[in-house]
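Take a look at the letters that make up each chain.
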Amino acid sequence: MIGGLFIYNHKGEVLISRVYRDDIGRNAVDAFRVNVIHARQQVRSPVTNIARTSFFHVKRSNIWLAAVTKQNVNAAMVFEFLYKMCDVMAAYFGKVSEENIKNNFVLIYELLDEILDFGYPQNSETGALKTFITQQGIKGQFQTKEEQSQITSQVTGQIGWRREGIKYRRNELFLDVLESVNLLMSPQGQVLSAHVSGRVVMKSYLSGMPECKFGMNDKIVIDKAGKGGVTDEVGKSDLGGGGSTSGKQSIAIDDCTFNQCVRLSKFDSERSISFIPPDGEYELMRYRTTKDIILPFRVIPLVREVGRTKLEVKVVIKSNFKPSLLAQKIEVRIPTPLNTSGVQVICMKGKAKYKASENAIVWKIKRMAGMKESQISAEIELLPTNDKKKWARPPISMNFEVPFAPSGLKVRYLKVFESKLNYSDHDVVKWVRYIGRSGIYETRC
Amino acid sequence: MLSVMFRFHVCAGEIFELKAELNSDKKEKKKEAVKKVIASMTVGKDVSALFPDVVNCMQTDNLELKKLVYLYLMNYAKSQPDMAIMAVNTFVKDCEDPNPLIRALAVRTMGCIRVDKITEYLCEPLRKCLKDEDPYVRKTAAVCVAKLHDINAQLVEDQGFLDTLKDLISDSNPMVVANAVAALSEIAESHPNSNLLDLNPQSINKLLTALNECTEWGQIFILDCLANYTPRDDRESQSICERVTPRLSHANSAVVLSAVKVLMKFMEMLPKDLDYYGTLLKKLAPPLVTLLSAEPELQYVALRNINLIVQKRPEILKHEMKVFFVKYNDPIYVKLEKLDIMIRLASQANIAQVLAELKEYATEVDVDFVRKAVRAIGRCAIKVEQSAERCVSTLLDLIQTKVNYVVQEAIVVIKDIFRKYPNKYESVIATLCENLDSLDEPEARAAMIWIVGEYAERIDNADELLESFLEGFHDESTQVQLQLLTAIVKLFLKKPTETQELVQQVLSLATQDSDNPDLRDRGYIYWRLLSTDPVAAKEVVLAEKPLISEETDLIEPTLLEELICHIGTLASVYHKPPSAFVEGSRGVMHKRLPAQGTESPDVGNVAGGSAPEAAPSIIPSQGDLLGDLLNLDLAPPTTTGPPPPTSGMQMGGMDLLGGGLDSLTFLLWYPQVWLPAMKAKGLEISGTFARRAGVIQMELVLTNKAMSVMTDFAIQFNRNSFGLAPAGPLQVLTPLGPNQTIEVSLPLSTVGPVMKMDPLNNLQVAVKNNIDVFYFSCQYPISMLFVEDGKMERQVFLATWKDIPNDNESQFQIQDCHLNSDAASNKLQGSNIFTIAKRTVEGQDMLYMAIKLSNGIWVLAELKMQAGNPNYTVSLGTRRDGEQHY
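As given, the protein sequences belong to chains A and B, one line each in that order.
Mapped onto UniProt numbering, the consecutive letters of the first sequence carry residue numbers 1 to 445.
Mapped onto UniProt numbering, the consecutive letters of the second sequence carry residue numbers 1 to 886.
It should be emphasised that the hints constitute simulated quantities derived from the structure, not laboratory data.
All C-beta atoms, glycine included, are put in the ideal place defined by N, C-alpha and C.
Keep in mind that the hints are not guaranteed to be accurate.
Non-contacting residues of chain A with respect to chain B, defined by C-beta distances greater than 12 Å in every case (computed) [to be verified]: (1) TYR168; (2) ASP176; (3) ASP279; (4) ARG367; (5) MET371; (6) GLN375; (7) TYR413; (8) LYS415; (9) ILE435.
The list that follows gives simulated cross-link-like pairs (lysine to aspartate or glutamate, DMTMM-like), each with its CA atoms no further than 25 Å apart [said to hold, decoys possible]: (10) LYS29(B) to GLU99(A); (11) LYS45(B) to ASP30(A); (12) LYS283(B) to ASP268(A); (13) LYS78(B) to ASP23(A); (14) LYS402(B) to GLU467(B); (15) LYS291(A) to ASP330(B); (16) LYS420(A) to ASP279(A); (17) LYS372(B) to ASP440(B); (18) LYS420(A) to GLU213(B); (19) LYS383(B) to GLU443(B); (20) LYS130(A) to GLU213(B); (21) LYS314(A) to GLU364(B); (22) LYS84(A) to ASP330(B); (23) LYS145(A) to ASP61(B); (24) LYS219(A) to GLU320(B); (25) LYS359(B) to GLU312(A); (26) LYS36(B) to GLU13(A); (27) LYS310(A) to ASP397(B).
So the derived label-pair ranges between C-beta atoms look like this [said to hold, decoys possible]: (28) ASP292(A) to ASP275(B): 20 to 30 Å; (29) LYS681(B) to GLN190(A): 49 to 59 Å; (30) ALA39(A) to PRO747(B): 29 to 39 Å; (31) ASN359(A) to TYR775(B): 46 to 56 Å; (32) HIS426(A) to ASP61(B): 45 to 55 Å; (33) ASN359(A) to GLU498(B): 50 to 60 Å; (34) ALA39(B) to ALA39(A): 22 to 32 Å; (35) THR279(B) to GLN190(A): 32 to 42 Å; (36) ASN200(B) to GLU283(A): 33 to 43 Å; (37) ALA90(A) to TYR775(B): 52 to 62 Å; (38) GLN386(B) to ASP292(A): 24 to 34 Å; (39) ARG40(A) to ASN762(B): 38 to 48 Å.
Construct all of the structure, not just a fragment, from the sequences and the given hints.
Quick look at the structure:
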């Protein structure tokens, strides 16, 4: 199990050091600093073994978090824990920065004591932690016996992520389908790989202990329903909005993972997503699709080397979605060689600039409707070099945001049942939004 | 910044100030002072002088202050044990507090204080807390048992905490169950035979129920524990798999990987024609692919594991090649791992795509990555025959780029392609020869020379080319020298007329002017061959070479099986068994996959051969050797009484029965320094020997304590008693920088030349690097030579035992061994000493054991034990099978 946990700043100074196991000595703190932080080279592995001691590290901006062990621990668990640790810290005091850590070090020690016992991760849901680890620290004294046992049963209980007795005057639900579409395309326009990784993020402000049921146009469910002759109220629901794409009825989801509130065994057997939601914002599920993805943009590059000191680049982008929809925050990044001396750019739309520090031409377009096309051409002057090594020609990358889900996913329903309190599914105000963003959207040139 | 580089002491003034503040009446001031103390402690300042003052603040109703004081206590209690006692009262009182949070805090902290006296006081509160009405206290107490066990294992057993912990597995609260499982699993690791967890269908059922209800971390503990269970039959296996598969959809990657581990293991037991088997295979792929969209560090862990899974069950991911394509922004560690998996998945169906990708990668920036990509192209050529031609032309394209390291790497792989497809791609040789001058790395030079020598008859100016290398012969690395020697001899045999002078020159360089024994030996052999029988020389040197195998880099199957049982853990990241990086006996239990259709979980590590096979005799002077084995190592030559336990082997014998073998490990001796840095120009070598999965391993730790970089490591053994010889070259691939340490394990074979050594288990080793050649000698434990199939049938044993002449028998005693006969026999079996029979005569347990040495010699032993008497009497005898010498 985890033997110790250290947090360093970018210089390698220790900000937090908590040792859980006797086999981890103080010298471990120094070993990591000297061998990893001060090594001043690209990290070749997130797991380092120094003198039979293993170090796992993650970096958040310029803060290093390192977990140390001498045993054969579950490596995936250690990294998951380190991420969780960052989330918990962020939930308590915002950005994980040197200043925030220094200002909150007592709190961090308190948290570390609670969420890691003898190196075993314990309940680390912020919702639960916040009920008894507070920055005031004295809450313990004013609690009644009932409150205390309520806390402990929540921390250890089956529904560790939600406390009882939550009340809202207006029961509201916000549901965001956030997708990032990833593409790697060859210069000839052949799709080398494409996938959508999506997340369903919810903000729920519901009273009591509501039971929720979430449905989407999952191919397996739809097909099953179709066979059984059961017609769902698709389309009648007020959630069917966002419809941007053609009449695609259902989508094939390659794989999905769920927040721990979702009953996995039920999903496995009936493929229904039911859960008691945490309060506030959380990520309900993640999914991945690879079939029939709508690629919102197509990039057509043309690079021509004119002699040894000049490059001509022409890039065309085409938007590929309903003309009534608008894509936003479009940015095309065209890499330039290191020995670029000057660039002339002409673009039809938006603004383009050569950024010498980033070795790229950055072309920005604020808005662009569907089924349009735009073009940029640039002349790149090069300094003559005797460097034998050829320019690696990094791919042209793109950023954008579109108001639909490139996977074609649609929310069919989200039902809320709370049997003890007297509000029904109809009383809950529900909002659904679809946002598709570019992930790594690259075209080789 | 300097302040943290050195652990420095707080000046007296600061301590004094803090002391005053700690004793202040104002609560706020006190708290601030304790905070300052903790802050100093964090950066490594020594604030232990404040111990009494801080402990005085413990009696407070302020929970935050209390926690801070506890934190301080955990850090310094060990250095001030007497003072720490002052805290006991508060702890005991807090364990009775009406607030469950305080009770849990007290029991949690108390377990972290490693002071014997405190541990005694801990027992009563802990017992109460384990039965507390509040689940939060119980789950904390469960972990506390593991803490206490780490400090004083005996105490935990005596106090019966283990039983209470076992009861908690049936607790109503899932988190208590999870923590109890975690604690028990860890404790069980240090008692491999205790059957602590006592997994049976009922308890498994309880765990599976808790699995649905507990936190993500708890699910990991439970799944990792389930992975140690061996179902009774395929039905049970299937039903567990069915209940574990929903976990594959969990958001936590560690839960997913642990579930994959359970499924991969239990799948072994399912019949392949079962529908469910196919379904399960299909279900495994998507979650594995999803892991690749996690954060990069987790991707790395996932990729290392996928690498294993792909080797074990290639069918799972064979259609998922595309997801392993490298992204431009992937961290380098992710890129390198993806590349590895791409090669493993390469097949005729997808080779075109793979090659296009690899070509793309070969133009990237990172040198390591580019090299690996080029090498990958070569491996594709060897793996997928249909693609060989395309690979070769891709490589030629890359050579045209003239990027130095790309060219060198390409030449190295082209050599391998020639070895796989001889006489097929010679047309490229001309292009290769153009790049001769740019080769500066030994491996590339050696490869090029090999190609020239191998195809000398088709290269018109082969003699000129090789001659050009000869000029700087002594500056070349051994690898190149050896290759050059062979290449020129090949050339001579092919074109004898015009190359006579050249061959003479190289032979004299190799034999007369070189200090390297390898080179000299090879030179002399060629010389002799050429001068006595040129026809034979031709047959030997130009013999048809075996084609190289398709996959040379696959993990050895037994290791792979073990690593599959460790999916998700560090072992699977390092691709090493836990014993290679975990100290002591903890966690080095060897795990194996269950076999299909086994009725009982007892698939011990006894290898098949129950009947003794006539051992082949390979040792010439075995009579002497036999005498030596008995006299030198097992008993002093003259006396018949109990010998003093001084000789090396004697210690080894003790070790076998003693604490060192608490678990079924084959790790035999702790590392010793064999070659101190002072004697070897800064190179320090320490090491140990081990027997793992039937292979003898020499574990070397090389440390560079000099200022300059060391490269070109090689190793050789002198002839020795058991014919030990390195089974492969010393795998030190990267240069060893100053102050760097590298661990290498060198597999040994026992088919090398034999010479009797004194003492018998002495081994003389020569290690060479770019600086010099160094010699040292070390001794290996005889027990590592005990082979796995050393089990004999009773009758054979009896007959053999009778056949042993009295002269060949000896007796000695082992003292102070507190084990009963079963435990002893279990432990010995772990070292391949097999108990053939056991009987009890007049209160004495007699164990009859057999050992088979790697050279085929049997050693039989009788172990006499008397209950209550810690001294054992061992009688040993041996007889050569097949031949009767006496």
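Now for the hints, and whether the structure bears them out:
no.: 1; hint: TYR168; verdict: holds, 26 Å
no.: 2; hint: ASP176; verdict: holds, 17 Å
no.: 3; hint: ASP279; verdict: holds, 17 Å
no.: 4; hint: ARG367; verdict: holds, 27 Å
no.: 5; hint: MET371; verdict: holds, 28 Å
no.: 6; hint: GLN375; verdict: holds, 24 Å
no.: 7; hint: TYR413; verdict: holds, 20 Å
no.: 8; hint: LYS415; verdict: holds, 21 Å
no.: 9; hint: ILE435; verdict: holds, 18 Å
no.: 10; hint: LYS29(B) to GLU99(A); verdict: holds, 23 Å
no.: 11; hint: LYS45(B) to ASP30(A); verdict: holds, 14 Å
no.: 12; hint: LYS283(B) to ASP268(A); verdict: holds, 11 Å
no.: 13; hint: LYS78(B) to ASP23(A); verdict: holds, 14 Å
no.: 14; hint: LYS402(B) to GLU467(B); verdict: holds, 24 Å
no.: 15; hint: LYS291(A) to ASP330(B); verdict: holds, 23 Å
no.: 16; hint: LYS420(A) to ASP279(A); verdict: holds, 17 Å
no.: 17; hint: LYS372(B) to ASP440(B); verdict: holds, 18 Å
no.: 18; hint: LYS420(A) to GLU213(B); verdict: holds, 23 Å
no.: 19; hint: LYS383(B) to GLU443(B); verdict: holds, 22 Å
no.: 20; hint: LYS130(A) to GLU213(B); verdict: holds, 21 Å
no.: 21; hint: LYS314(A) to GLU364(B); verdict: holds, 23 Å
no.: 22; hint: LYS84(A) to ASP330(B); verdict: holds, 22 Å
no.: 23; hint: LYS145(A) to ASP61(B); verdict: holds, 16 Å
no.: 24; hint: LYS219(A) to GLU320(B); verdict: holds, 21 Å
no.: 25; hint: LYS359(B) to GLU312(A); verdict: holds, 24 Å
no.: 26; hint: LYS36(B) to GLU13(A); verdict: holds, 17 Å
no.: 27; hint: LYS310(A) to ASP397(B); verdict: holds, 24 Å
no.: 28; hint: ASP292(A) to ASP275(B): 20 to 30 Å; verdict: holds, 29 Å
no.: 29; hint: LYS681(B) to GLN190(A): 49 to 59 Å; verdict: holds, 57 Å
no.: 30; hint: ALA39(A) to PRO747(B): 29 to 39 Å; verdict: holds, 31 Å
no.: 31; hint: ASN359(A) to TYR775(B): 46 to 56 Å; verdict: holds, 54 Å
no.: 32; hint: HIS426(A) to ASP61(B): 45 to 55 Å; verdict: holds, 50 Å
no.: 33; hint: ASN359(A) to GLU498(B): 50 to 60 Å; verdict: holds, 55 Å
no.: 34; hint: ALA39(B) to ALA39(A): 22 to 32 Å; verdict: holds, 27 Å
no.: 35; hint: THR279(B) to GLN190(A): 32 to 42 Å; verdict: holds, 33 Å
no.: 36; hint: ASN200(B) to GLU283(A): 33 to 43 Å; verdict: holds, 38 Å
no.: 37; hint: ALA90(A) to TYR775(B): 52 to 62 Å; verdict: holds, 58 Å
no.: 38; hint: GLN386(B) to ASP292(A): 24 to 34 Å; verdict: holds, 32 Å
no.: 39; hint: ARG40(A) to ASN762(B): 38 to 48 Å; verdict: holds, 45 Å
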